[in-house]
Amino acid sequence: MTPAILIDVTRCTGCERCVAACIKRNELDPLRAETDRATGVDGLSANRWSTIVQVDRGRFARKSCMHCEEPSCVSACLVGGLTKTDAGPVVYDDSKCIGCRYCMLACPFHIPRYEWDETIPYVRKCDMCFERLQDGQKPACVEACPNEALLFGDRNDLLGVARDRINRDPQYKNHVWGETEFGGTSVLYVSDVDLAGLGWPEHLDNPISALTDPLIHMTPVIGMTVAFGSLGLSWIIRRRMTRASEADGEDGEHDAKS
Amino acid sequence: MPSRSRALKDVLWALALVGLVAGVFRMWFGLGATTHMSDAVPWGLWKVLNMVAGVALSTSGFTIGFLVYVLRLEQFRKYVKPAILLAFLGYGCSMLALLFDIGLPHRFWHPIVMWNEHSFLFEVFWCVLLYFTVTLIELSPSVLEQTRARRIGRWLHRLAFGVVIVGISLSSLHHSSLGSLFLVTPVRLHELWYTSWLPFLFIVSAMGAGMMMLVLVRIVYARLYDPEPVFGPASSGINGIVCQIPGISVDSGGVPERGPEMVRLSKLAIIAASLLGATLALKVVDVARRGAWTGLGQGQWEAWLFGVELLIGLALPIVLVAIPRTRRSPYGLGVASASAAAGLAINRLNVGIFGYLRDAGSFYIPSLTEWAVSVGVVAAAGLAFLFFVENCSIFDERSVVARQPGESLTVLFERWSHVWYAALMSGVHRVTLIAVLVIPLAWILLYPPYSGDNIPTVPVQAATGLDINRATLWLNSDRKGVEVTFAHLDHQNRLGKDSACHLCHHVSMPNDRSTPCSRCHRDMLSATPIFNHAHHEQAVMEKERLSGWHATNRTCGYCHPPGQAKTSDNAKDCFDCHKTDMWLTSAPDSTINLSDACAFREAMHRTCIPCHKDKAQEVKRPNLAECYTCHTSLTPRQLVTGPVTANLER
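Chains as they are written, first to last, in our numbering: chain A, 25 to 282; chain B, 13 to 662.
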């Protein structure tokens with residue numbers, strides 16, 4: 025089973041109970057979480073790992089880590105501090121992080137945030153309440169949702185639920201956001217309005233690691249090719265130079281004789 | 013020592029010291045307080061200018077090695093040592109700048125033991141680390157030959173060919189990988205710069221600009237120490253500089269004046285310019301291939317940056333090198349190489365910073381600290397360069413400073429230590445003087461912005477009654493010894509007995525008439541949120557008899573307008589419901605915000621001082637509104653300079 029969250033935008037009332045539960049569960053500073061919503065670019069910050077965004081008139085959607093199936097941040101992190109667990113969530117190990125912030129650059133959804141105010145800062149993002157999942161509980165946001173706008177379950181089951189809702193009710197847009205985006209995500213959205221308000225990038229069907237992986241696997245080949253190419257080139261040139269000087273020498277001798 | 017290099021050294025020392033102060037601030041206060049990087053712009057000046065561009069400008073270490081050791085172009089053998097020195101210092105200063113940039117510098121060694129071979133940054137880290145070692149091995153013979161450890165140097169020198177090949181291989185990997193770093197941002201980087209060709213563009217442009225950098229360094233070295241080989245025999249004096257306008261200045265024979273070295277430098281510049289030409293061609297083809305011209309046509313500011321980058325970094329140097337007159341003039345070549353290096357830096361800044369700003373929706377101008385560290389690190393590398401040039405034979409057969417053969421390492425480094433050791437021993441020295449002037453100046457200039465925002469939490473303790481009737485109250489709210497004895501009963505009687513409560517107790521809790529100050533103003537220094545949301549949900553639910561599955565969720569609309577994000581700004585006014593049970597001194601207006609209570613100290617001062625000032629005029633006792641009227645526990649000195657007055661203004 026791959027745990028996933030399905031977000032039904034038509035059911036979300038924007039009460040922010042999920043956000044409050046997230047703040048409580050992760051022991052974030054509520055005051056900072058509140059002020060960061062106003063000052064941050066999109067409401068997310070190191071003190072606020074999930075937020076509610078108004079995507080259309082009267083339509084709200086929770087914004088948080090998408091827990092991609094093939095995450096760009098995981099392939100980007102040079103020390104392997106971010107991992108896609110078998111249980112679904114993309115989790116962050118702060119004992120490895122060196123603070124290079126490449127994950128923040130690599131994430132197409134702009135999710136990882138940095139503790140800029142700290143002297144010893146770490147990257148912060150939603151971990152789908154990984155410890156709760158291990159205890160067999162739902163993520164805190166799903167549990168807190170009073171309107172069943174957030175559903176937790178197996179990804180394939182949830183895709184079925186999403187398809188079912190779309191087929192039954194014509195008001196839904198015929199698209200499950202997160203089914204194929206960037207190679208698929210573990211957070212899925214169904215909606216009756218366009219979700220551009222979430223600040224997502226334009227649609228790409230392949231995971232970002234598909235752009236870099238083939239290249240990086242060529243690294244040893246390129247390195248060896250260049251090394252042996254240079255060696256070979258140098259050998260050829262040296263031989264030709266030796267021959268040329270020998271020929272010069274012979275010519276010289278010949279000239280001297282004549 | 014020539015006075016010109018002395019003046020340059022003074023400037024470099026000053027810049028390096030400013031950078032040092034800024035670096036200390038960065039370590040002390042953290043990234044957020046000292047830089048303008050943010051969640052929207054996570055990579056700033058240090059990473060992009062010092063690492064990506066700095067490493068790119070140090071390519072000469074491997075390109076000259078390739079020309080000399082592989083292609084056997086013996087005429088460039090003279091440039092091997094300077095190129096290696098340039099690479100060594102370039103990589104060194106990139107790594108130093110990175111130490112300031114990464115959030116947890118004490119963990120810089122983590123990638124050595126913790127591997128993620130899918131990451132291009134991991135590859136760059138390893139290649140840079142290994143290549144830095146390579147340059148160290150390549151450089152050490154030139155340093156060791158000045159010392160008694162000459163034999164180790166000679167032994168290392170024998171490895172040269174193998175080391176050069178390893179260096180070429182590593183360089184070809186990480187110079188392209190620096191471009192591949194940005195391949196992960198297909199949806200964020202502006203279309204003018206994002207292309208799958210980034211690795212090729214990066215390595216080719218870096219090779220060209222890196223060679224140009226070597227040309228520039230050679231010309232600058234000549235200007236500083238030994239003008240004759242480059243600037244020609246007549247230019248050793250001051251007059252030589254004045255009449256050396258490119259292409260115009262001629263000596264009596266009608267031939268532009270120049271030294272014998274210029275022939276070789278021009279050849280190197282031609283190679284560099286052809287690489288820059290290849291970059292230009294690749295770029296034009298790439299943009300046309302992807303149809304990204306639209307961005308240029310729409311007049312976006314990115315298009316201007318792109319144009320500037322092409323013009324300064326590629327077109328201008330190519331043209332200058334193509335014209336024989338400027339190519340053979342040291343000044344023409346100097347301009348060409350400086351513009352190529354600057355253009356490469358602009359290109360890397362575009363790819364690493366500016367290309368993201370449209371997507372990030374915010375702008376980034378590096379802070380003073382970022383500039384200071386960035387420039388300071390380069391200045392320090394410049395100083396090290398001058399040191400090596402003067403003490404080892406880098407450009408010429410013998411070093412600038414004459415040296416007895418067989419001097420030990422300690423002597424070599426004693427010259428280095430001259431800078432502070434001799435300075436401290438023998439009184440006022442140049443560098444000490446610079447340090448004394450510059451460090452405090454940098455401190456003053458850089459310090460102030462970082463004191464804000466970090467207000468500590470100091471819980472407020474309730475006032476204590478000093479007598480049984482609470483006629484006199486003891487206010488020592490943070491228990492830090494700053495106390496006020498407040499004659500409560502006296503104030504009450506003077507102001508109108510039982511009808512006077514509301515004059516000070518400006519807002520009361522529901523069904524209360526004199527809520528104590530500390531009930532809401534719960535922190536000494538920062539504001540406290542006082543609105544209990546959960547309690548209100550419950551109250552509304554009970555009052556409206558809401559029931560069903562999610563009764564509390566149905567309460568939202570009671571205060572928040574439908575169809576809008578639920579914030580305290582657009583919620584219903586408190587006094588719409590609390591018409592009778594809450595007291596407010598004046599009519600409710602939009603300025604009073606009941607979701608947060610201001611800091612206790614602010615609240616006290618705002619309540620007492622205006623009233624005391626009015627009374628002071630009324631009863632003609634001018635001292636009634638002075639600090640010491642209430643703060644009897646503070647000494648006059650504390651009252652003048654202490655925290656109270658300072659924060660009162662704020």
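Please keep in mind that the hints were generated in silico from the structure rather than gathered at the bench. Any given hint could be a false lead.
What the hints assert, rightly or not - Where chain B lies over chain A, by a calculated footprint (3+ residues, C-beta under 8 Å):
no.	region
1	45-51
2	97-106
3	158-168
4	189-195
5	219-232
6	258-272
Stated by the list, open to error - Just a sample of chain A residues kept apart from chain B, beta carbon distances all over 12 Å, derived:
no.	residue
7	Ala70
8	Asp110
9	Ala111
10	Leu175
11	Gly177
12	Asn180
13	Asp181
14	Leu183
15	Val185
16	Thr204
17	Gly208
18	Asp216
19	Leu235
20	Gly247
Cβ atoms here follow ideal geometry from the backbone N, Cα and C, with glycine treated the same way.
Checked hints:
1. Note: the region 45-51 of chain A has 0 residues with beta-carbon separation from chain B under 8 Å; the three-residue rule is not met and the coverage is violated.
2. Residues of the region 97-106 of chain A with a Cβ under 8 Å from some Cβ of chain B number 8, which satisfies the need for three, so the listed coverage holds.
3. For the region 158-168 of chain A, the stated coverage by chain B is violated: 0 residues have a C-beta nearer than 8 Å to a C-beta of that chain, whereas at least 3 were required.
4. Counting residues of the region 189-195 of chain A whose beta carbon lies closer than 8 Å to any beta carbon of chain B gives 0, which falls short of the minimum of three for the stated coverage.
5. Chain B is given as covering the region 219-232 of chain A, and this holds because 4 residues of the stretch bring a CB closer than 8 Å to a CB of that chain, at least three being needed.
6. Three residues within the 8 Å Cβ limit are the bar, and the region 258-272 of chain A against chain B gives 4, so the coverage statement holds.
7. The claim that A:Ala70 is not at the interface with chain B is violated, since a C-beta of that chain comes within 12 Å of its own (minimum 8 Å).
8. Distance to chain B confirms A:Asp110 as a non-interface residue, since its nearest Cβ pair spans about 17 Å, more than 12 Å.
9. No beta-carbon of chain B is positioned within 12 Å of the beta-carbon of A:Ala111; the least distance is around 20 Å.
10. Taking the minimum C-beta to C-beta distance to chain B, about 15 Å, the non-interface status of A:Leu175 holds against the 12 Å cut.
11. Chain B leaves A:Gly177 outside its interface by the beta-carbon criterion, the shortest separation being 20 Å against a cut-off of 12 Å.
12. For A:Asn180, the requirement that its beta carbon stay farther than 12 Å from each beta carbon of chain B is met, with the minimum near 26 Å.
13. Separation of A:Asp181 from chain B is adequate, the least Cβ-Cβ distance of about 23 Å exceeding the 12 Å criterion.
14. Every CB of chain B is more than 12 Å from the CB of A:Leu183 (nearest about 24 Å), matching its label as outside the interface.
15. Even its closest Cβ contact with chain B, about 19 Å, leaves A:Val185 beyond 12 Å, as expected for a residue assigned away from the interface.
16. The claim that A:Thr204 lies off the interface holds: its Cβ sits roughly 15 Å from the closest Cβ of chain B, which is beyond the 12 Å cut-off.
17. Separation of A:Gly208 from chain B is adequate, the least Cβ-Cβ distance of about 16 Å exceeding the 12 Å criterion.
18. Once the 12 Å rule is applied to beta carbons, A:Asp216 is consistent with being away from chain B; the minimum gap is 14 Å.
19. A beta-carbon of chain B is positioned within 12 Å of the beta-carbon of A:Leu235; the least distance is around 5 Å.
20. With a cut of 12 Å on Cβ distances, A:Gly247 falls inside the contact zone with chain B, its closest approach being about 5 Å.
The structure is inconsistent with the numbered hints 1, 3, 4, 7, 19 and 20, although it conforms to all the rest.
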